[in-house]
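Chains B and R, in that order, give the protein sequences.
When the count follows the working numbering, it moves up by one through the first sequence with no breaks and lands on 620 for the last residue.
When the count follows the working numbering, it moves up by one through the second sequence with no breaks and lands on 471 for the last residue.
Just so you know, the hints here were simulated from the structure itself, not pulled from any lab data.
Treat each hint with caution, since some may be false.
Straight-line distance between alpha carbons at most 27 Å, and here's what the computed BS3-like set of lysine-lysine pairs gives [said to hold, decoys possible]:
#1 R:K297 / R:K334
#2 B:K555 / R:K334
#3 R:K198 / B:K86
#4 B:K577 / R:K198
#5 B:K546 / B:K502
#6 R:K414 / B:K562
#7 B:K166 / B:K351
#8 B:K466 / B:K132
#9 B:K577 / B:K417
#10 B:K130 / B:K351
#11 R:K413 / B:K560
#12 R:K413 / R:K201
#13 B:K234 / B:K544
#14 B:K562 / R:K29
#15 R:K413 / B:K562
#16 R:K201 / B:K562
#17 R:K158 / R:K413
#18 B:K86 / R:K197
#19 R:K47 / R:K158
#20 B:K86 / B:K253
#21 B:K560 / R:K414
#22 R:K123 / B:K568
#23 B:K546 / R:K29
#24 B:K570 / R:K201
#25 R:K47 / B:K555
#26 B:K475 / B:K462
#27 B:K562 / B:K417
#28 B:K466 / B:K544
#29 B:K560 / R:K334
#30 B:K555 / R:K413
#31 B:K137 / B:K357
#32 R:K290 / B:K560
#33 B:K546 / B:K495
Residues per chain, in single letters:
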Amino acid sequence: MNKEYDVIVVGGGHAGCEATAAAANSGSSVLLITMNMGTIAQMSCNPAMGGVAKGQIVREIDAMGGYSGIVADKTAIQFRMLNLSKGPAMWSPRVQSDRWLFAQEWRLMLEQTQGVDFWQDTVNEVVVEKGKAVGVKTSMGLEFRSKAVVLTNGTFLNGLIHVGQKQFGGGRAGERNVTGLTEQMIDLGFDHGRMKTGTPPRVDARSLDFSVMEEQKGDEFPSTFSFSGTKPLKEQRSCHITYTNTTVHEILKEGLDRSPMFSGAIEGTGPRYCPSIEEKIDRFSDKDRHQIFVEPEGWNTVEVYVNGFSTSLPLDIQEKAIHQVKGFEKAKLFRPGYAIEYDYFPPTQLKHSLETKLIDSLYFAGQINGTTGYEEAGAQGLMAGLNASLKVQEKESLTLGRDQAYIGVLIDDLITKGTKEPYRMFTSRAEYRILLRQDNADIRLTELSNNIGLASHERLQKVIDKQAETDRLLKELNETSIEPEIVNDYLEEQKTAKLKQKVKLSSLIARPQLSLDGISKMEEFTPIKFNEYSKESIEQAEIKIKYQGYIDREKEMAEKQKRLEGLKIKEDFDYHKLQSLSSEAKEKLSKLRPATIGQAARISGVSPSDISVLLIHMGR
Amino acid sequence: MIMRDDTICALSTPNAPGAIGVIRLSGDKAIEIANSVFEGKDLSKQKGQTLHFGKIKKGDEIIDEVMLSLFRGPHSYTGEDVIEISCHGSPFILAQVIELMLEGGASAAREGEFSMRAYLNGKMDLAQAEAVADLIAAESKAAHQMAMHQMRGGFSEKIRILREELIHFASMIELELDFGEEDVTFAERDDLDELVKKILKMIRQLIDSFADGRVIKEGIPVAIVGEPNVGKSTLLNALLQEDKAIVSEIAGTTRDSIEDVMRIGGMLFRFIDTAGIRQTEDVVESIGIKRSYEMMKKASLILLLVDAREIGKEGIKELEEQIKAELGANFAEKELITIVNKKDLIPASSLKSEKPEAGSQKPDFKHQMIYISALKEDGIEELQTYLEKIAIEKSQHATESIVSNARHHQALKKAAEALERVEEGIANGLTGDFLAMDIRQAQFFLGEIIGTIDIDRDILGHIFSSFCIGK
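Looking at chain B on its own, in the form it has when it is part of the complex (with noise of 0.2 Å):
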């Protein structure tokens, strides 16, 4: 039995396979340790991948060469482009996805891997000397050697499920949960917190009444997240929208005194924007009714999921109440909905890479740093399993820029301001939002990961030829002059101004009534051979002759910015010196010793003038 690897990655969730697969494909070897092989990549909330701005890290994960995107492409049961009526930055791919299947699907493609070793055990130490990991222990008492500890324990430490007044260990229903890692983690110095989050009950589909509640189809023309060409849908599955009502609130409050959210059982933070039903009713009381989302779990099983529905009341109060849904009246159900309680540690003590500052070669990602959802916890584990990885081969670590991607956006986030709630992704969070699109993550992000040795060749070759084949179309369009007889019939048809004299067709694009792909269906136009160019270069043309001002509006702030992220400061250095710099300053700038001058600005409580003293003393 091999003891000895580069990289050992605790936890096989999103986080840890994502973090495995990138430090296998970046040449490490690895060894993924997790409590029970048979749930690797398991969906513990919702099946279902993607959505607004989370769709867009799905994206960017794929562009640099992580899985996620192809596992939810193959294992979808239904496709959705979420904000369509928006502008083409709010554009969020979203699946549903079978559940078996993704979970199965993604350890194939770690069985595949190169240099990839399972071993199922529970880790409940880090070996480490020197201030440096260098291994782990199990609960078998073996001990494993590395150069490098990628932690993504999930909701596992010291984790505490709550159903009513019950309460038992465990770190996801019908799991065990870890113990003595948090501890040891303390022991080394780490601040640690609590959080909490919750799921809904499960059902069984045969007892619904679907006829009743509202259908949502998938898109009629699906797309796909992966870059790479995995193929579209052909066949999908509908969701189903129902509805809370006042009977089904006064049931719910029936129980309150028995739920552990009100009785001070649960001490963790829950999220302020997942609400559990109880919370939903107490916080809102004047809504008298709230949205339940029906997602099927997969092809064949009739088991289903009822989003909205979260709730950690006692299991009697929580059939009473279900029945009392519009369509869920005879509801059978197969899970009951439950709380847990889970250890965090504050993200505020990580760098850039996720390496913590405070111990060498220890990295964490996923939910350990306080973060919720899938596309969340595997953007983590990628950064986590490739800087881990560059790290052993003592290569400089990457970081992306809140320019570059909603992962910079959000690493920078968890380790700059830190969390008190769990953390997901919202477009708002981005301030260059506009730059941060979902279609063309590829071309920010797969040339970076394949210079650092990840994406691969093909995969970059391929992001190359689009943004060839869009140039091109770009260029016939800026060049192809369209006559007023031609086109003023079309556009009194479409509502916009008609043509006095002929125009260039890149500016009838440019106006907002009007689309690339509708004018590329009027053959007369143009000779311009719109079917020769694929659906992705005809909408970058498109997004580019629409919107480049606020493109380039954008790009230039974010120029501005790094000036000042490309000044560094060292790690050691003492704030306390600066006689000129408030005590505020001073204090969180020890705290949290920002990496640039540009992160600095970004902590709240330090001022521009702060900024300007730091600059003086960092030299020119």
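Since chain B is already given, all that's left is putting chain R on it; use the hints.
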């Protein structure tokens, strides 16, 4: 925003009563911006380290005659191209010149920014760095206090309300963007448009009222008061050199207040002639007297005119006391100046040079007795000089605040520009993601005025507390 490559501008002489004020520009466009308002030699063709005489003009209007020093980088204080304009030290002129520079494309400099640039461009050694850092810290503290001081009187409250409305607005847009899939109702574009228009209107009002300060713009209000027939209207005419007020031998001729504006030196004054104060049974006249007190409440300077022949009598003291009593708490912020008129009617030998209450205090121009003859226009120039000195002393505070004024003004303008783009975007049916970009800008600039803020946290916090989000 902290390390910028744009051209910055500020007043470089903090306090210069009655003397010269120097405005400094530094950056790539310093020469270009100065040249665009300078009438004299073509500055773009001048060598570095040269001195030029000319006029600063706003369109056709001459703002001031100035001496302008031109430095070309790296041979300048900051290492960049630098222009220093020496103007007359009036806040009115200085504010206008700075305004012209900002309009020409300069940005208002931050605390210590010239020194910081000098340091970053290698014009200072490390030993000097700590001093510059201290300067920045100290100046920003002072500027903050100044801002807080200015913001009393409703300004900060207005900005705060605007910002809150904007956060609400931004939240509605962000809600639609990030939670479009959820069961939430969105604001109508018409409502949003109305809100933007309302905020824009308020910002524009603030820009107008804030431009260079009401006092500087409209003149320092000076009330001329005294007993009937002491020569108030004659004095006003003498000052203004025209027959604005009705002058007659009959006491109580001026029943309404008369105002006029004039410039003395660099300062603008708004003189208010008032009805004479005395006990009267005449209904119309007593209304006029009542109004006189109201005028005094609005004035910063009160010129109490007395008849030279009444000097030493009880009446003058009583009148002073009466004014104090009528103005109550308002009196403290005003300057009451007693002026002896009709000096030609008493022997020159009885004119005392100092006020009796000066006592052993350090001699000060304020302790001079002022004797004039309004009718003969004797002593008017001395009075004008005296007024200018007092006004400059009083407006020192205004001088100090020009810089921060300019910065706030600029921030308001930029916020307005961003909101105008939002307004235009709504009209063109632009989607929320693009509108949000400009809303953020507007928020950023309003935040610059009232202090740094975490926009994201504010907006998301607002969304989470106002809307039930999450499946």
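> Given the hinted pair K546 (chain B) and K502 (chain B), is their alpha-carbon gap at most 27 Å?
Replying inline: holds (19 Å)
>> Next pair to validate is K413 (chain R) with K560 (chain B); report whether the Cα-Cα distance is within 27 Å.
In response: Answer holds: K413 (chain R) to K560 (chain B) is near 21 Å, not above 27 Å.
>> Would the hint linking K413 (chain R) and K562 (chain B) be met if the CA-CA limit is 27 Å?
In response: holds (26 Å)
>> Can you confirm whether the C-alpha distance between K47 (chain R) and K555 (chain B) stays at or below 27 Å?
In response: violated (36 Å)
> Within a Cα-Cα threshold of 27 Å, do K466 (chain B) and K132 (chain B) meet the stated pairing?
Replying inline: violated (44 Å)
>> Hinted pair, alpha-carbon criterion (27 Å max): K47 (chain R), K158 (chain R). Please report holds or violated.
In response: With Cα atoms ~47 Å apart, K47 (chain R) and K158 (chain R) exceed 27 Å; violated.
> Are the Cα positions of K290 (chain R) and K560 (chain B) separated by 27 Å at most?
Replying inline: violated (60 Å)
>> Run the distance test for K166 (chain B) versus K351 (chain B): straight-line Cα separation, threshold 27 Å.
In response: violated (39 Å)
> Straight-line Cα separation of K198 (chain R) and K86 (chain B) no greater than 27 Å?
Replying inline: Holds, because 25 Å separates the two Cα atoms, which is no more than 27 Å.
> Regarding the pair K137 (chain B) and K357 (chain B), is the alpha-carbon distance no greater than 27 Å?
Replying inline: holds (22 Å)
>> What's the verdict on K86 (chain B) and K253 (chain B), does the C-alpha distance respect the 27 Å limit or exceed it?
In response: This hinted pair is violated, its Cα atoms lying about 39 Å apart.
> Given the hint that K570 (chain B) pairs with K201 (chain R), does the C-alpha gap stay at or below 27 Å?
Replying inline: violated (48 Å)
Hint compliance for this structure: hints 2, 4, 7, 8, 13, 16, 19, 20, 23, 24, 25, 29, 32 are not met, and every other hint is.
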